[in-house]
Amino acid sequence: MTALLQLEGVTKRFGGLTAVNDVSLTVGRGEIYSLIGPNGAGKTTLFNLISAVFRPTSGTITFEGKNLTRAPTYTLARLGIARTFQNLAVFKHETVVNNLLVGMHAHLRSDPLSAAIFWGRARNEELRARERVEEIIEFLEIEDIRDHTVGTLSYGLQKRVELGRALAISPKLLLLDEMVSGMNLEEREDIARFILDLKDEFGMTIFMVEHDMGIVMDISDHVCVVNYGRKIAEGRPAEVAANPAVIEAYLGSKRAAA
Amino acid sequence: MRTGHFKENPGQLVALSDSRVVWTWFAGMLCVMVLAPFLIGNYGLTLVVSSLIAIIGAVALNMLTGQTGLISLGQAGFLAVGAYSNALLLTDYHWPVWLTLPASGLIAALISLLVGIPSLRLKGLYLAITTLAFSFIISHVILYAEGVTHGPNGVFVKGATIFGYDVQKGVPLYYLVLGLTVATILAALNISRTRIGRAWMAIRDHDIAARVMGIDLVRYKLLAFAISSFFVGIAGALMSLQLRFVNVDVFALILSIEALAIIILGGLGSIAGAVLGAIFLSFLPETLRLFFSMFADEKSALFTDYVYEIRGAAYGVVIVLFLRFKPEGLIGVWKDARKYWSNWPLAY
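First to last, the sequence lines map onto chains A and B.
Each residue of the first sequence is one higher than the last, beginning at 1 in our numbering.
Each residue of the second sequence is one higher than the last, beginning at 1001 in our numbering.
To be clear, the hints were calculated from the coordinates, so they are not data collected in a lab.
Incorrect hints may appear among the rest.
To be verified - Subject to a maximum C-alpha distance of 25 Å in a straight line, what follows is the list of computed BS3-like cross-link-like pairs (lysine-lysine):
hint: 1; chain 1: B; residue 1: LYS1335; chain 2: A; residue 2: LYS92
hint: 2; chain 1: A; residue 1: LYS92; chain 2: B; residue 2: LYS1339
hint: 3; chain 1: B; residue 1: LYS1158; chain 2: B; residue 2: LYS1169
hint: 4; chain 1: B; residue 1: LYS1339; chain 2: B; residue 2: LYS1326
hint: 5; chain 1: B; residue 1: LYS1326; chain 2: A; residue 2: LYS92
hint: 6; chain 1: B; residue 1: LYS1007; chain 2: B; residue 2: LYS1326
hint: 7; chain 1: A; residue 1: LYS92; chain 2: B; residue 2: LYS1123
Here chain B stands alone, though its shape is the one from the complex (with noise of 0.2 Å):
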């Protein structure tokens, strides 16, 4: 039982976290996924730049819709403006990859905000369907101006390259995702405990009551729009990288629905819980196929003809099962864990 923690200034207050055994324990994963590509093979790393990839796409949807309340079936729009914007930035206008990243985040908080403005009577499911809309009338426009977009081609993702390492190969594109994923969940920490992330919140709870503690509902509503599809628009951009190929296929709504499910899993508003939930998320396809090997060949076979259906259900299973038997998500289960054991061997 851990006993004798006293805050002893204002600094320990604000901090993150005032405990070493935290920041201990985050500099020891840091360490094993910067060694990561020296321990595991090429389709290991695949996968975890897939799920580092969606961990941004996750804690960046979770300030929209966990944080804000803002509910958005509009992810895949959002991803499909970044990794657009992009694949064309990179091939069609040579930009240099440094480039692309954050300018792939800033178109897709500007359209964001084209998206944001309609939108800010809309609360629940009435947003929802404005930001589904929102991502049919993206991938028509990208299938139709073909003069600007290629249209139903897609367009191939090539010249990205940063101090002469091509960042679309294993190694050089983990190292680059793992820093982006890095700075986003800090970004996303960081913003939460100032008063912009006490803004959204606030106007999760209690809208009228934000209003009256001082808080521009329009302004901290286009607000969370932005600097969510920001994020939203670079783990795109990331994805077209990994892809090297991107056409409107590719960000079809299971993407939002994934996505969605995602931070259910993980626990609404909180941001470890979407680090988790993404996790989760990412390794159950893997695991399934793992399960499905364990049996014999026709079984197995099964699993490789149905992998699309059977990927669906089980996502859809575990949203039931966790919202029946443990709605606060992963994190509840996490805290859950580690109030039992930091208690042991007493109760509580």
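Bound-form chain A, shown alone (with noise of 0.2 Å):
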């Protein structure tokens, strides 16, 4: 497998605090790797690193082959990196279908005098992308929501928005933090599939951070573990699963105990 997505000896320090120390990991093309850790651990922070919200203190972040540590947040959508936040994210006064073209945005070339006139290319690139979204809605089953305002729906619909619009991207690498937080089984289920037909179907990259270990467990290929902004184990999910290191971030170890 090559790698995709690579951090070499990656820092971030906010003064006194190190959130993230010197993490290396590898994320291959086409595999569902999974980031897991306690709380406090420094996930969603190695995260806006990855998407280039926070500039990493030290290291280096290579996606294919292109260094990303300096770039600007708004070029990696263009270079098809898109990402899901912890929490919502989304445009909350706007339609779904809005919210989902925001997505295309790297993919339009509109300029304002075109815009203005909506004629020719503007409009017909106005069309193609109109299309692309309406694949989208209909991937993820919203169709009868298409015309709400986002801020209206519920909790798991409007994670299913946000993701759509990560996906109208069209993204190489996807970024997805705490996708089923606070989700109920049926609706965590889904997302699981989405996850998968994501893979499978589009080869798509989907890096996620993720506190359900049933979802983490069961879909990974790879998964790696942070504690204290230090990576403490990587592999195979039943590998790590029996790591004692993991096992003692998580628990506690027994000398600690007694």
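Two chains, two separate frames, one set of hints: put the complex together.
The structure is reproduced here in structure tokens:
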């Protein structure tokens, strides 16, 4: 398997706090890679570093051989990196369709003048974008809510819209930050099914942060465990689950308990 | 109840409206507007021209404040820039008016970039204060750059003709303003259904998510400033044509507040709301005048004596009432009414 995303010695300090400490990892093309760890372990910070919301204090991040370490956030969508957020980050005053269309932004070209006239190229471009969005709506089975204002939808549906918006980027790498937190069993199973479909049908690479061990163990190809900002284990789900360092991070050690 | 309305091709999905009823109404309204000069008197026509100019200004401010979420108290400043550009280019430099109008818009847009750049990191109240400061700076520059702007003397606007018609007079002015109003509304509607309008909306609702979706915040915030100010500049230029004389006092802070009031009343973020709000607020003083004139002489004299105070108070009352009872604004009232009648006689 070839590497799609590589982190080498990535460190992020906020003043005196080292949130991510010398983490190196490799995500292969077409795999489902899960990042787990106790609360405050630095998972979301690592995600923010990969999606260029923050810049690392040191270390390098490469995606398809390109160095992302100093790239402005907005250039990532065009490179093919999409993400969802741990706390909902949908555009809540707009309809589902418009939310998904924002995801198409990096693929559209219209300039102010042609947009104001809305003829020829600008219109054709919108038509194509709209058709693509309809495909995503169909994939996520949200046809009946397409014209609803996102803010009025249930939490699970808003998360699904956020996933749809990320898919509209047509990403090579999809970063999912705690996708299923706060969802009921049915909604969680739907999401797990979508993730597997994305990998199998569209060959997308999925990198997710997840607290739900059921999903992590069931669908991941690789699991990476972080604690206090450091990587403590990596491997197949079953290997990681049996790793003493991981058990200690989650449950504490016998010596500490005694 | 309207039923059996299906989308049959993707073209209908990107159309402004795929309903025949809406287009028929729109065409009907346009016909009435075109025939208006033959139906109403000179005084009525002046009022209509003022409200059309208010529509251009409101639709433009709505792009910046309603759609992008950048609160601006600089409307008066941009109107002043547009009006002065137009007046000076016409009177002192003898440019033809078909050139001075777009030039006024462009000058306002360029100056808005100067305001926009330092404002990029600011949001909410802080941005409002910066834009407010801008409009004071503009009026001081106009006052003290006497060599160019005639300073406190103001400028008389003359020499605006298109095809031999004096577009500062009633009917030709009306058609010019009407055409530009329709063009502004269409441009605003079109922009808001492309990636630019959606990028603005994304910045307003969640700027971090917008960045991750590939939107360059710097570029799109500046674009919002520039496009909005372009149209505000044109509105200012049209004001100068209608007023025939511009000086700094015309562009007082109250204009900026009126503009904000219009888009809040209409319903923030909605283009149709901005139009409704502008019509509502432009005709409010006239309605008040008619209201006071129904009473005995002393009461209507009260209105003539305190016209500005009463107008200001009425704006305040109307804004408070709307914020309390209908925060979605006039467009919310309209949507409720439409829902009620389209489902009638059923409840929903």
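Hints and how they fare:
At most 25 Å may separate the alpha-carbon atoms for a hinted pair to count; LYS1335 (chain B) and LYS92 (chain A) meet this at roughly 19 Å. With a C-alpha separation of about 22 Å, the suggested pair LYS92 (chain A) and LYS1339 (chain B) falls inside the 25 Å cut-off, and the hint holds. With a CA separation close to 11 Å, the supplied pair LYS1158 (chain B) and LYS1169 (chain B) stays within the 25 Å bound. In summary, the hint linking LYS1339 (chain B) to LYS1326 (chain B) is supported, as the alpha carbons are separated by about 16 Å, within the 25 Å threshold.
The straight-line distance between the Cα atoms of LYS1326 (chain B) and LYS92 (chain A) is roughly 20 Å, inside the 25 Å bound, and the hint therefore holds. As the CA atoms of LYS1007 (chain B) and LYS1326 (chain B) are separated by approximately 32 Å, the hinted pair breaks the 25 Å bound. Proximity of LYS92 (chain A) to LYS1123 (chain B) is assessed by CA-CA distance (about 19 Å); at most 25 Å being required, the pair is judged to hold.
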